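Engineer: Sequence:
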Amino acid sequence: MTVEGQKFYPGERATAEQVLELAREYRQAAEKLVECGRRRQPLSRAPFRMVAIHAVELYLNALLLAAGQPAGRVRGLHHDLGSRTALALGEGLQLRKRTVLHLETLSKTREYLLTRYDPEPSVTSELNRLLATLTEVSEKVPLWIARSRAKV
149 MTVEGQKFYP
159 GERATAEQVL
169 ELAREYRQAA
179 EKLVECGRRR
189 QPLSRAPFRM
199 VAIHAVELYL
209 NALLLAAGQP
219 AGRVRGLHHD
229 LGSRTALALG
239 EGLQLRKRTV
249 LHLETLSKTR
259 EYLLTRYDPE
269 PSVTSELNRL
279 LATLTEVSEK
289 VPLWIARSRA
299 KV
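Be aware that the sequence shown starts at 149, since it is given in the numbering used here, and climbs by one per residue.
Honestly, I wouldn't trust all of these hints.
What the hints assert, rightly or not - Label-pair distances were calculated between CB atoms; the ranges are: (1) E183 <-> E287: 16 to 22 Å; (2) R186 <-> A298: 42 to 48 Å; (3) L237 <-> L191: 29 to 35 Å; (4) R188 <-> R295: 41 to 47 Å; (5) E252 <-> P218: 19 to 25 Å.
Because the hints were derived from the structure by calculation, they are not lab data. On a predicted model such as this, the values are computed, not experimentally measured, just so you know. Yeah, the Cβ is synthetic: ideal placement off N, Cα and C, and Gly gets one too.
Build the full structure now, drawing on both the sequences and the hints.
Structural biologist: Right, here's the structure in full:
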């Protein structure tokens, strides 16, 4: 986005706490949307999938910002949850192996894009796995941020 020749990005000045609060809102929305899905109608689950994946991305963004990563670098990761996860693990976030593998798989299969644009996505996560990933990340990232703030 440009204004008077100046380039800027929405949320560029957001703090880790602000991004964390936004992640919480997306997680709450995902929890409501999962209830709207209908059996044997995969498209009815797409809104939940997209919002859940975005919530996870925001949680990881909040951690990376709290760890001192520049907003431009975080933004430069685009929707690559695998890279975000690797950086978060490098900062000391501890996730279960299954969760790390799932986050890497989300990137490799480009599930974020499939969920947004493909009316018949062929490769998507099991709903339980996506919920488990969202739950674990939403519990552990705020704890990591709180501990990192306590050290300062």
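Engineer: If you test the structure against every hint from before, which numbers come out violated?
Structural biologist: none
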